[in-house]
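In case you want the letters, here they are:
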Amino acid sequence: GEDVEQSLFLSVREGDSSVINCTYTDSSSTYLYWYKQEPGAGLQLLTYIFSNMDMKQDQRLTVLLNKKDKHLSLRIADTQTGDSAIYFCAESMPGGGADGLTFGKGTHLIIQP
Amino acid sequence: DTGVSQDPRHKITKRGQNVTFRCDPISEHNRLYWYRQTLGQGPEFLTYFQNEAQLEKSRLLSDRFSAERPKGSFSTLEIQRTEQGDSAMYLCASSSREGSEAFFGQGTRLTVV
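Chains as they are written, first to last, in the working numbering: chain A, 1 to 113; chain B, 114 to 226.
No lab work stands behind these hints, which were simulated from the structure alone.
Please read these numbers as outputs of a predicted model, since none were measured by experiment.
One or more of the hints may lead you astray.
So the derived label-pair ranges between C-beta atoms look like this [as the list claims (entries may be wrong)]:
1. B:176 <-> A:105: 25 to 31 angstroms
2. B:118 <-> A:110: 30 to 36 angstroms
3. A:82 <-> B:177: 35 to 41 angstroms
Covered stretches of chain B, as calculated for chain A (at least 3 residues, CB under 8 angstroms) [what the hints assert, rightly or not]:
4. 144-156
5. 190-197
For glycine and all other residues, C-beta sits at the position ideal for the given N, C-alpha and C.
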């Protein structure tokens, strides 16, 4: 079955870059997503990448996909206190089944002043 | 369009009572998903609809759970005879087509006492 793994915590200094990593197991994933969740809130879609892409950049966010190693990363440049949240990696499967998302357990991003 | 809307935001109920949650997806999104998120975990897929048809149910969805989407627009999730283990955040998401990004609501936090 599919499984998505993430480190539970990442601590960075304000102004530095944060790199959050994720590994997944299902090579048939079509889209890979990064969601942000602030305390007590729902999930906010940050960015996504289609499985035939290697990289996607969106302002301070850079997503890198290594399909061979099934490794996905999210880089946040110039990390700010407002970036403090839980970041979830998720993969979606092709249709013909649930077509839902499989999430990792989330990485808590902690910003040090 | 204000995004995916869920009601109520919070629900406290006594064990054994029935509860019902509502989700209003983004207009014209034909896919609607329900997820459950417990503390310290990522969201777990429960079920999804394409228009009014319920196409997939996770094994997490016991017989006490039922979901409907009668007119292909809003959806309800009912839990009968609630148990303490049902305490969680229940998230709804919608998307416009297979594999496209899913947008989440703020969730309904259920506490069973």
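Going through the hints against the structure:
| no. | hint | result |
| --- | --- | --- |
| 1 | B:176 <-> A:105: 25 to 31 angstroms | holds, 28 angstroms |
| 2 | B:118 <-> A:110: 30 to 36 angstroms | holds, 31 angstroms |
| 3 | A:82 <-> B:177: 35 to 41 angstroms | holds, 40 angstroms |
| 4 | 144-156 | holds (count 7) |
| 5 | 190-197 | violated (count 0) |
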